[in-house]
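Those protein sequences? They're chains E and D, same order as listed. Positions in the first sequence are counted from 1; adding 74 to them yields this note's numbering. Positions in the second sequence are counted from 1; adding 5 to them yields this note's numbering.
It should be emphasised that the hints constitute simulated quantities derived from the structure, not laboratory data. A few of these clues could be false.
[What the hints assert, rightly or not] Computed cross-link-like contacts, EDC-like style, restricted to lysine to aspartate or glutamate with a CA-CA straight-line distance of at most 20 Å:
1) LYS530/E - ASP542/E
2) LYS97/D - GLU441/E
3) LYS29/D - ASP451/E
4) LYS386/E - GLU449/E
5) LYS97/D - GLU439/E
6) LYS101/E - ASP90/D
7) LYS29/D - ASP445/E
8) LYS97/D - GLU449/E
9) LYS335/E - GLU25/D
Listed below, chain by chain, are the residues.
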Amino acid sequence: MDVLINIGYLVAAVLFILGVKGLTSPKTAVQGNKMSASAMLIAVIAALLDSNVITYEYILIGVLIGGVIGAFIAKKVAMTDMPEMVATLNGIGGGASLLVAAANYLESQKLANVGQFAVTYDWSVAVILSILIGAVTLTGSFVAVGKLKGKIGDSDKVKLYKWIVKLCFATLIAGAVYFTAFSQLDSDLLIVGLIVVCLILGVCLVMPIGGADMPVVVSLLNSYSGLAGAAAGFVLGNNGLIIVGSLVGASGIILTSIMCKAMNRSLTNVLFGGSMSAQSGVSKSENDAFYEGKVKFSNADELAMLLESAQKVVFVPGYGLAVAQAQHATRELASMLEANGAEVKYAIHPVAGRMPGHMNVLLAEAEVPYDQLVEMDTINPEFSQTDVAIVLGANDVVNPGAAEDPNSPIFGMPILNVHNAKTVVVVKRGLSPGFAGIPNELFIRDNALMVPGDAKKVLQDTIGALKDL
Amino acid sequence: MEMFIMSLTIFVLAIFVGVEVINKVPPTLHTPLMSGTNAISGIVVVGAIISSGGSEHTTVLSTVLGVVAIALATINIVAGYMVTDRMLNMFKKK
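Construct all of the structure, not just a fragment, from the sequences and the given hints.
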């Protein structure tokens, strides 16, 4: 039976990998996701066949509760809230791994009493790692959710948190060494203590990080939630868990590095550098003085006339577009322009939106065909042949200072070169700075026009004006 | 120790496979990738099942922890796959 179970895990692992491989193209992605789900089913059946499993009623209760809650969340969540959803699921995954490690510790105690379990060093280390990663993922993710929702603001107590983090690590290492070397199975209090320390550690690691950096943090915690599963696999000696956990771990690591590259920051700087606007931000009066008298304002009617004669139009959506719920209005305007004979594309910066790929999902929801969504490196050379670039609720990712001004705090960050377009129209509610807290030189350029207002309203007015032309 | 080295080998090799496969996922699908991996990390349900389904070696507390772990992991699995499917279907229709 054991052979069969292990083959079951192997088949599941292969199907998981093929499932993720399906995600390499939107055409095969739905199938890939289903393949991954059937892999999960196989893995669960294999686990149920395990000779240790005798009673099923508790398992059924857990599955029913989890299934109902899970289905409810999945149906209800709005696409704009995906970052919060993914962060929450990261935390839940970490919590589950933490509980599995704790339950295994208790069972090992009992098994050791009847002589069926002998403690090894690698088991002890795996238990500690499982607790550490699981607990940090759990509380870290919930702080990240608070920051994404804006309920937890940027902290000015960065030093305090760093100090607590150091203290937690010191306690953890001392406790881990004691646990591994001396008292593995009669240290309930020590385990509880270590869990508490790790839970605090999760909070204090994420608290000092700026809200704008949450995409990186969520990606990293995504990786941790997988590694927590792999660590639980080491505790239980289950290779299926190890393989699948490390797959998720690898995915999170890759996304984290893509996000860091797109912001031109090192992971260390994101995690320990404090929030960016606190480092480099300007005051309101400095910001006003920068723009004073230099911005050319326009309105929806002028924008409509401009677009009427445009051959090539590129939309540059940012998170502000999602906040204004303007995806559908954007799509409607784009369809009108296409009907008018213009070529329309969407330029997607890697950090547009609030998590990797978020903007693509928001636009896909508004039924924008995915082949019109163009990545930064592909679209940048095209801006010089673009008649009108419309920036909707994006700011730092179109700041030419990042490319041209070595003194800019975001110098070196890859940007969308919208300033190369014949005309840049910026739709924005006001002149307040973006996440980096700095003014944007683009807004005072000769080829830039500012249409003040809510993105959705401006686009609807433009659509109306175009119809009247 | 031999068991541990074997597990470690599997772990390291699996990370490499993961990096190779996931590097090919286009940025367009990064959000579904994340919610999909959320679902996959629900694999820890396997550990939770083995922990809570026993009878002789479990304690009341370990069973409770196991059942809560199953519920949490199932939330991940069900919510992860369903929401990923919801998103991917948006990309499919033209």
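Hint-by-hint comparison with the structure:
1. LYS530/E - ASP542/E: Satisfied, since the Cα-Cα distance of roughly 19 Å is no more than 20 Å.
2. LYS97/D - GLU441/E: Given that 20 Å is the threshold and the Cα spacing comes to 10 Å, the pair holds.
3. LYS29/D - ASP451/E: The given pair, whose Cα atoms are some 16 Å apart, holds under the 20 Å limit.
4. LYS386/E - GLU449/E: Cα-Cα ~17 Å, so holds.
5. LYS97/D - GLU439/E: Satisfied, since the Cα-Cα distance of roughly 11 Å is no more than 20 Å.
6. LYS101/E - ASP90/D: Holds, at roughly 13 Å.
7. LYS29/D - ASP445/E: Between LYS29/D and ASP445/E the Cα gap is close to 17 Å, so the pair holds against 20 Å.
8. LYS97/D - GLU449/E: It holds: about 19 Å lies between the C-alpha atoms, which stays within 20 Å.
9. LYS335/E - GLU25/D: Distance of about 19 Å is within 20 Å: holds.
Comparing the model with each earlier hint shows no violations; every hint is respected.
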